[in-house]
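Heads up, the sequence shown is in the working numbering, so the first residue is 1 and it goes up one at a time.
Hints listed in this document are in silico derivations from the structure and should not be mistaken for laboratory results. Among the hints, a few may not be true.
Okay, the calculated beta carbon distance ranges per label pair [stated by the list, open to error]:
1) P237 <-> G280: 26 to 36 Å
2) D212 <-> N10: 57 to 67 Å
3) M287 <-> P473: 34 to 44 Å
4) P462 <-> V201: 23 to 33 Å
5) K467 <-> L349: 26 to 36 Å
6) Y392 <-> G120: 47 to 57 Å
7) L224 <-> L349: 20 to 30 Å
8) K329 <-> Y231: 46 to 56 Å
9) N10 <-> L295: 28 to 38 Å
10) K61 <-> K396: 20 to 30 Å
11) S283 <-> K505: 22 to 32 Å
In this text, a Cβ means the ideal position worked out from N, Cα and C, and glycines have one as well.
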Amino acid sequence: MAKEQLQVLNALDSAKTQWYHFTAIVIAGMGFFTDAYDLFCISLVTKLLGRIYYHVEGSAKPGSLPPNVSAAVNGVALCGTLAGQVFFGWLGDKLGRKKVYGMTLMLMVICSVASGLSFGHTPKSVVSTLCFFRFWLGFGIGGDYPLSATIMSEYANKKTRGAFVAAVFAMQGFGILAGGLFAMLMSAIFEAKFKAPAYEVDPTGSTVPQADYLWRIILMVGALPAALTYYSRSKMPETARYTALVANNVKQATSDMAKVLQVDIEAEPVKPQEPAKSFGLFSKDFMRRHGLHLLGTTSTWFLLDIAFYSQNLFQKDIFSAIGWIPSAKTMNAVSEVYRIARAQTLIALCSTVPGYWFTVALIDKIGRFAIQLMGFFFMTVFMFALAFPYNYWTHKDHLIGFVVLYSLTFFFANFGPNATTFVVPAEIFPARLRSTCHGISAAAGKLGAMVGAFGFLYLAQPQDKTKAEAGFPAGIGVKNSLIVLGVVNFLGLLFTFFVPESKGKSLEELSGETNEERN
Numbered sequence: 001m002a003k004e005q006l007q008v009l010n011a012l013d014s015a016k017t018q019w020y021h022f023t024a025i026v027i028a029g030m031g032f033f034t035d036a037y038d039l040f041c042i043s044l045v046t047k048l049l050g051r052i053y054y055h056v057e058g059s060a061k062p063g064s065l066p067p068n069v070s071a072a073v074n075g076v077a078l079c080g081t082l083a084g085q086v087f088f089g090w091l092g093d094k095l096g097r098k099k100v101y102g103m104t105l106m107l108m109v110i111c112s113v114a115s116g117l118s119f120g121h122t123p124k125s126v127v128s129t130l131c132f133f134r135f136w137l138g139f140g141i142g143g144d145y146p147l148s149a150t151i152m153s154e155y156a157n158k159k160t161r162g163a164f165v166a167a168v169f170a171m172q173g174f175g176i177l178a179g180g181l182f183a184m185l186m187s188a189i190f191e192a193k194f195k196a197p198a199y200e201v202d203p204t205g206s207t208v209p210q211a212d213y214l215w216r217i218i219l220m221v222g223a224l225p226a227a228l229t230y231y232s233r234s235k236m237p238e239t240a241r242y243t244a245l246v247a248n249n250v251k252q253a254t255s256d257m258a259k260v261l262q263v264d265i266e267a268e269p270v271k272p273q274e275p276a277k278s279f280g281l282f283s284k285d286f287m288r289r290h291g292l293h294l295l296g297t298t299s300t301w302f303l304l305d306i307a308f309y310s311q312n313l314f315q316k317d318i319f320s321a322i323g324w325i326p327s328a329k330t331m332n333a334v335s336e337v338y339r340i341a342r343a344q345t346l347i348a349l350c351s352t353v354p355g356y357w358f359t360v361a362l363i364d365k366i367g368r369f370a371i372q373l374m375g376f377f378f379m380t381v382f383m384f385a386l387a388f389p390y391n392y393w394t395h396k397d398h399l400i401g402f403v404v405l406y407s408l409t410f411f412f413a414n415f416g417p418n419a420t421t422f423v424v425p426a427e428i429f430p431a432r433l434r435s436t437c438h439g440i441s442a443a444a445g446k447l448g449a450m451v452g453a454f455g456f457l458y459l460a461q462p463q464d465k466t467k468a469e470a471g472f473p474a475g476i477g478v479k480n481s482l483i484v485l486g487v488v489n490f491l492g493l494l495f496t497f498f499v500p501e502s503k504g505k506s507l508e509e510l511s512g513e514t515n516e517e518r519n
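Assemble the whole structure, with the sequences as input and the hints as a guide.
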């Protein structure tokens, strides 16, 4: 059995890169496109929701979401993603990658559209229904993490596997850009169609009634690319590694891959054999072979996402300070959406997107370990460089330097652990546990994201209670928060040493499955 299995898997490992691989990247990457699009747009939408539904008569500043509402709208999708990663990761190993793959996409499409249809006219009913659908949208997105990574790594050849899996993840970059550009386009159209004065001129008139359609349109369009790839997903065959190693149907795996790779793969008749002795996720065998690997993949992803998701906190302050985004009261509701979208798209173009593609280009040349170690190292250096002379950077003349360092931190997150923490768990675990282990690692990351997004929302508040934002207690200030983030990045660097290098090896070699067969 080992011999026959290895023949179809060898054919995959040594297959030339062909058109099929690129279509698989696009099909698998659409979930991440939707994920990034949605996460990007919600920050624009929350501003608008504050103006529409939380306007206070006679206030000098436009309405904004109260802290608990803001936390719910932003955090509920993260909770859904975490649950989806664990659940669909487990299901992908139980039922097969293909069976579960269409479900996650359908869930994303339905909930993207439904979140734009949030019902009712009162703030409470709109926010409640928005949160409900965003949770299930997150649940679908969560399932896409382990399934897309596993499918791509099981389809790819040995030589370019890292680049293919990283390219699926890099579709996030396109999602961010699409979100920014579409939000700019729609707000420009609305601005031209429905003229409105600035808030300080006419507080009520500055938010035109039609603005309530703007955020709905922006959210719903995120469903389109995912819907377009649904048919292609349903036509993808099950991966050969799942069919051969987990479902024990080598004949089917061979015929599936022969069609896909357009080559003849010999399937020799073999006497039936006892299936290889397999161990479960909670067994001593798993702990002995892969326990430290799982610790490495979960801890590095957890620590990375604390730093990665806390960036959003500083973004708005930085933009306002440089003057990219004027004071809220000098703009009307629609032009504020345009300005914020423009600023965030610029940052994405300059630092976020290039980082992803540097990883895609170099991951199979210099290896996962080197990229992750280097990424965490530079993130640590730049965080400390921002933190210790923080008072120097906040001076008007030095803001450009601050932005450059800030951008570099996120360039090295993407040309570094943000991509590698996604790639490695899809390579180093056995086929029957691969999707589950990737889901667990990704869920640890989302836990870090919650700490980053909410823990730091409170931590970064000024130490003087009177200067803290409305509804928040006193924190430790931005400077100390940046120091904490620097330490978090350094811990990520240390935990990277638990993660093995997987460059250039076959998946069976990495997971020890070929040895299991022979034992």
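Okay, the hints, checked on the actual structure:
1. P237 <-> G280: 26 to 36 Å: Since the Cβ atoms of P237 and G280 sit about 27 Å apart, the hinted range of 26 to 36 Å holds.
2. D212 <-> N10: 57 to 67 Å: 58 Å, holds
3. M287 <-> P473: 34 to 44 Å: 41 Å, holds
4. P462 <-> V201: 23 to 33 Å: Distance hint for P462, V201 holds at roughly 31 Å.
5. K467 <-> L349: 26 to 36 Å: Holds - the Cβ-Cβ distance for K467 and L349, about 33 Å, lies within 26 to 36 Å.
6. Y392 <-> G120: 47 to 57 Å: 49 Å, holds
7. L224 <-> L349: 20 to 30 Å: Cβ of L224 to Cβ of L349: about 22 Å, so the range 20 to 30 Å holds.
8. K329 <-> Y231: 46 to 56 Å: 48 Å, holds
9. N10 <-> L295: 28 to 38 Å: 31 Å, holds
10. K61 <-> K396: 20 to 30 Å: 23 Å, holds
11. S283 <-> K505: 22 to 32 Å: 24 Å, holds
No hint from the list above goes unmet by this structure.
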